[in-house]
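Just so you know, the protein sequences line up as chains A and B, in that order.
Note that my numbering has the first sequence beginning at 432, numbered continuously upward.
Note that my numbering has the second sequence beginning at 4, numbered continuously upward.
Since the hints were derived computationally from the structure, they do not count as laboratory data.
Glycine included, each C-beta is placed from N, C-alpha and C at the ideal position.
Please note that a few of the clues may not be correct.
Claimed, not checked - If the Cβ cut is set under 7 Å, some of the chain A residues that face chain B in the computed set are:
(1) PRO434
(2) ILE437
(3) SER438
(4) ILE441
(5) LEU543
(6) PHE547
(7) ILE569
(8) LEU590
(9) ILE591
(10) PHE598
(11) LEU609
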Amino acid sequence: MPPEVISLLIRFIVVVISLSVLLALTHWKRLPGAFQFLTLYLGWNLVVECIIFFLPPNTNNLPLLHVHTLLEFVLISLVYWKMDIFRNWPPRSFWIFMATISGVIVLNSVFLQSIFTYNSYAKSLVQVLLIGYAVGYIFQLKEKSHESRALNMMNAAVLIFYSGSLFVFMFGNVMLELEYEVSSLFWSLNVFLNVLFQVLILISLWKVSRVRKSLF
Amino acid sequence: MEGIASQEITILIASGIVIMLSMALALILFYGRAQSKLLAQKLEAQQTLLQKTIMAQEDERSRIAKDLHDDLGSKLNVMFLYMQRLKKEQTGSEPPVLEEIQEILSTSIDTTRRISHELLPPTLQKFGLQVALQELAEGYQSSGLVTFDLQLDDLQVLVQDKMKELNLFRIFQELSKNSTLHGQAPNIMIHFSHTEQGLCFFYKDDGKGVDQSHLAQGKGLGMSNIESRLKILGGKWDYESSPGNGLKARIVFPA
Numbered sequence: 432m433p434p435e436v437i438s439l440l441i442r443f444i445v446v447v448i449s450l451s452v453l454l455a456l457t458h459w460k461r462l463p464g465a466f467q468f469l470t471l472y473l474g475w476n477l478v479v480e481c482i483i484f485f486l487p488p489n490t491n492n493l494p495l496l497h498v499h500t501l502l503e504f505v506l507i508s509l510v511y512w513k514m515d516i517f518r519n520w521p522p523r524s525f526w527i528f529m530a531t532i533s534g535v536i537v538l539n540s541v542f543l544q545s546i547f548t549y550n551s552y553a554k555s556l557v558q559v560l561l562i563g564y565a566v567g568y569i570f571q572l573k574e575k576s577h578e579s580r581a582l583n584m585m586n587a588a589v590l591i592f593y594s595g596s597l598f599v600f601m602f603g604n605v606m607l608e609l610e611y612e613v614s615s616l617f618w619s620l621n622v623f624l625n626v627l628f629q630v631l632i633l634i635s636l637w638k639v640s641r642v643r644k645s646l647f
Numbered sequence: 004m005e006g007i008a009s010q011e012i013t014i015l016i017a018s019g020i021v022i023m024l025s026m027a028l029a030l031i032l033f034y035g036r037a038q039s040k041l042l043a044q045k046l047e048a049q050q051t052l053l054q055k056t057i058m059a060q061e062d063e064r065s066r067i068a069k070d071l072h073d074d075l076g077s078k079l080n081v082m083f084l085y086m087q088r089l090k091k092e093q094t095g096s097e098p099p100v101l102e103e104i105q106e107i108l109s110t111s112i113d114t115t116r117r118i119s120h121e122l123l124p125p126t127l128q129k130f131g132l133q134v135a136l137q138e139l140a141e142g143y144q145s146s147g148l149v150t151f152d153l154q155l156d157d158l159q160v161l162v163q164d165k166m167k168e169l170n171l172f173r174i175f176q177e178l179s180k181n182s183t184l185h186g187q188a189p190n191i192m193i194h195f196s197h198t199e200q201g202l203c204f205f206y207k208d209d210g211k212g213v214d215q216s217h218l219a220q221g222k223g224l225g226m227s228n229i230e231s232r233l234k235i236l237g238g239k240w241d242y243e244s245s246p247g248n249g250l251k252a253r254i255v256f257p258a
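Isolated chain A, as found in the complex:
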C-alpha cells in the first residue's frame, strides 16, 4: 500500500477515534461501565496519536508502545470486567491477575526488551489475553438486547483486530529484518484492521448511546 494511503488511513483513524470520544463524552452518564472504560482507552489512543504527530520526524516512538501495551491491557481488561466475564473467578483474583500481568509487562520493558525496540513478548501476551477475553465473552451467549448488541459489536471488533494483528506484533522485531515492501504490507494490514476496529467501536458507541437505561 502506498505511504500516502497509509497516512490517509491513519488520519481517518484519528477522526474516527475523535468522533467516538466526542460521542461517548456527550452521552457519558448513560453509557454502560464497559463503554466508559473503552472511552478511556480511546482517549489514550488519541493522546498517543497526538504525541506521534508532534514528535520530530524519524524519532523512535517505540517507548510509547511499551506504555501503550500496559494501558491497553489494564483498560481493556476493565472493559471486560465490567462485561462480567470474570464473574466465576474467586473474589480478588481478577485484581491479582491484573497486577501480575501488569508486573510482567513492566519487567519485560525493564529487563528483557529495551523500550527502544518492539516489546513483542509483552504485546503478544496482552493480545492473546484480549483474544481470550473476547472468546470468553462469546461463550457466555447473552440474550439479545440493545446493550448486548452494542457489546457484541465491540467484542467482535476486539476479536478481529487483535487476532489479525497478533502475528504482526509478535514478529515486530523480526520484521525489521525483512524487506521493506514485505514488512510494510503487514503494517498496512494492521492499519486496515485498526480502521475496521475503530469504525466498529464508533458504531457500537453510537448504538449504546441511543439506549436509555444501562445494564452494566
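Position chain B against the provided structure of chain A, taking the given hints into account.
Chain B in isolation, oriented as in the chain A frame:
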C-alpha cells in the same frame, strides 16, 4: 540462505494472520447463529408456556364460573326464597333486619351472576361470538363515553368452533379495554369479512394511540396474550399506531 529464511518468516506471519482472522470470523459467525437459535428457542418456549397458561386460565375460569353459578348462585337463590317465605309467615310487624338480609341476598345474587358472566359470558356459550361481541359493545356503550361500529355479517356462520370463538372474544375484550382505558377512544370499529387470505377482522379506534417502537421493545401482558391466542387460532395480526392517531389492527386467521 537469508532470502529463504525471510521468505519462511513471511509465510509464517501471513499464515498466522490468515488462520487467526479465519478463527475470529468463524467464532463471530458461530456466536451470531447460536445467539439467534437460543433466542428462537427461548421465544418458542415462552409462547408454549403462555399458550398453556391461557388454556389453563380458561379452564379455571370456566370451572369457577360454573361453581359460582350452579353452586353458590343456586344456594343464594334458595336462601332468597326461604327469606321470602319467612317474611310471609311473619305475623305482625316485620323486623327491619329481615329487610336488610333480603337486600344483601339480592345484591349477592346479582354480584355472583355478574362475576360468573364476566368469567365466562353465557351469551358466548349460548348464542356465539357475534351476539357476545354485540353485548360487549353494548356494555361499553352504556357508559356513554364510547360508540361502537360493528359489522359482523356472516360471523355466526363462518366461526362456529367454541374455542375459536372464545379466543377471538378475549382478543376483542383486551383490545376494547386498551382502547377505552388507555386510549380513551370515543369510537371503536370492528368489521368482519371473508377474504382470500382467510377470515379477517379489522379493528380501529380513534384514541390516543401509542408509539409503535415502544410496543416492539417491550410487549405488555395484554399484547402477549393476544399474540398467544392468535397462535392458538393459527392466525396473525398486523397493527399500526402512533401518538394521536389511534390504533388500526388487522387480524387474519384460517376459516
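### Message
Tell me if the interface restraint on A/ILE437 is satisfied: Cβ within less than 7 Å of some Cβ in chain B.
### Response
violated (17 Å)
### Query
Does A/LEU543 pass the interface hint, meaning its C-beta sits closer than 7 Å to a C-beta of chain B?
Nearest chain B Cβ about 21 Å off; hint violated.
### Task
Using 7 Å as the Cβ threshold, decide whether A/SER438 counts as touching chain B.
violated (22 Å)
### Query
Minimum Cβ distance from A/PHE598 to chain B below 7 Å?
OK, holds: A/PHE598 within 7 Å of chain B, min 3 Å.
### Message
Tell me if the interface restraint on A/LEU609 is satisfied: Cβ within less than 7 Å of some Cβ in chain B.
### Response
With a minimum Cβ separation of about 5 Å from chain B (threshold 7 Å), the hint on A/LEU609 holds.
### Proposed interface contact between A/LEU590 and chain B, which counts if any beta carbon pair is under 7 Å
holds (5 Å)
### Query
Minimum Cβ distance from A/ILE441 to chain B below 7 Å?
violated (20 Å)
### Message
Using the nearest Cβ pair, does A/PHE547 come within less than 7 Å of chain B?
### Response
violated (22 Å)
### Query
Against chain B, with CB atoms and a cut of 7 Å, does the hint on A/PRO434 hold up?
violated (20 Å)
### Query
For the hint on A/ILE591, does the least C-beta distance to chain B fall short of 7 Å?
Constraint on A/ILE591 satisfied, holds at 5 Å.
### Message
Using the nearest Cβ pair, does A/ILE569 come within less than 7 Å of chain B?
### Response
Status holds, d = 5 Å.
The earlier numbered hints that this structure contradicts are 1, 2, 3, 4, 5 and 6.
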